[in-house]
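As a plain string of letters, each chain reads:
There are 2 protein chains.
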Amino acid sequence: MAKIAIDMDNVMADLTQHLLDVYAREYGEVIDPVRLNNIPEGSAFPEGVAMKILSAPGFFRGIPVMAGSQEVVKALAAQHEVFVVSAAMEFPLSLAEKHAWLEEHFPFISWKNIVFCGSKTIVEADYMIDDHDKNLSTFKGTPLLFTAPHNLPLQDYTRVNSWEEVAAYFELNAVESGASLQTVA
Amino acid sequence: MAKIAIDMDNVMADLTQHLLDVYAREYGEVIDPVRLNNIPEGSAFPEGVAMKILSAPGFFRGIPVMAGSQEVVKALAAQHEVFVVSAAMEFPLSLAEKHAWLEEHFPFISWKNIVFCGSKTIVEADYMIDDHDKNLSTFKGTPLLFTAPHNLPLQDYTRVNSWEEVAAYFELNAVESGASLQTVA
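So the protein sequences, as listed, match chains D and E. Our numbering numbers the first residue of the first sequence as 1 and each following residue consecutively. Our numbering numbers the first residue of the second sequence as 1001 and each following residue consecutively.
Wrong hints could be hidden among the right ones.
What the simulated footprint calls covered on chain E by chain D, stretch by stretch (three residues with Cβ under 8 Å from a Cβ of chain D suffice, anywhere in the stretch; the number is not a length) [claimed, not checked]: (1) 1106–1113; (2) 1123–1134.
To give a feel for the contact side, a few chain D residues facing chain E, derived at Cβ under 8 Å [said to hold, decoys possible]: (3) Ile39; (4) Ala125; (5) Phe170.
FYI, nobody ran anything at the bench for these hints, they're computed from the structure. Every residue, glycine too, gets a C-beta built ideally from N, C-alpha and C.
Here chain D stands alone, though its shape is the one from the complex:
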């Protein structure tokens, strides 16, 4: 049984999609997702806008679930010690919202296994699944880079492009046959 630290934003929660959706709704401009590739997060939006959207009440509560994450995290948690580790502290409003979001979408994760932090340098685990170099570079266990538009240039890590690839990496049952992962947990 391994200890696995899993990031929320852009890993369990599709933050990028939500940012594009909210921006389109509130600013009336649709941004082509490919414009987000290979550049720092938020920099495809006008100066300060991404930070403003992220800081607004309700943003983190409404993020859609990343495709496949519920089934695979559930299956992982049945076989391993899974911790959700989110750098929530930069956005204080997100603390309550992320807690409620996890209760709704990942009710099988115990409160004991949730960590809201700032820097992740204090986290000790066997694996960390994250989309940020800054979190993975100081991690002493095995880092797994979850693909996000901003991290496409990174080549230093084992990359997982989807939750299906996470399931395959950890050799979860029923993955290769295509059967529902729900049956594993």
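On the provided structure of chain D, position chain E as indicated by the hints.
Just chain E now, with coordinates in the frame of chain D:
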């Protein structure tokens, strides 16, 4: 420079005193603090009452600061890497309240150095200052038991009875002379 994980409740925040005060105010009964000695937290109160008080909105926001903690944590943070690590996840309302409490009373602690978690088994540091055996017993660094009524029977740890003793343990400047620790930071 050492990495030091510091607990909030009963270490930086005088939770025990606040619990006694709120109980006296809301239930009209003054409990002698010595009745809390050597027994599990909350068990000196009628069944379920301590949990009810802790779960009420505002409880964690109003806890008084533990004597000496501000000065010594500030001095520690000037010389070491200090992380505030609180098991806040059991009481979801406490997330926002603890964040606001830290901003008010410990404004020199960066959001990057705050961790709200459930289980502390995921925390990696050189030292952990905590009042709970359950947090210290699995810690791989050096545990320091901060004295609280419920932990008086514990004999397995290096014990610190006050923030003055924490300052002495880490050999902070200006401690032994009795000069203000404020000047160190």
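Now the hints, each set against the structure:
1. 1106–1113: Since three or more residues must qualify, the claim that chain D covers the region 1106–1113 of chain E holds, with 4 doing so at under 8 Å.
2. 1123–1134: With 3 residues close enough to chain D, the hint holds.
3. Ile39: violated (24 Å)
4. Ala125: holds (6 Å)
5. Phe170: violated (18 Å)
Checked against the numbered hints listed earlier, the structure breaks hints 3 and 5; every other hint is satisfied.
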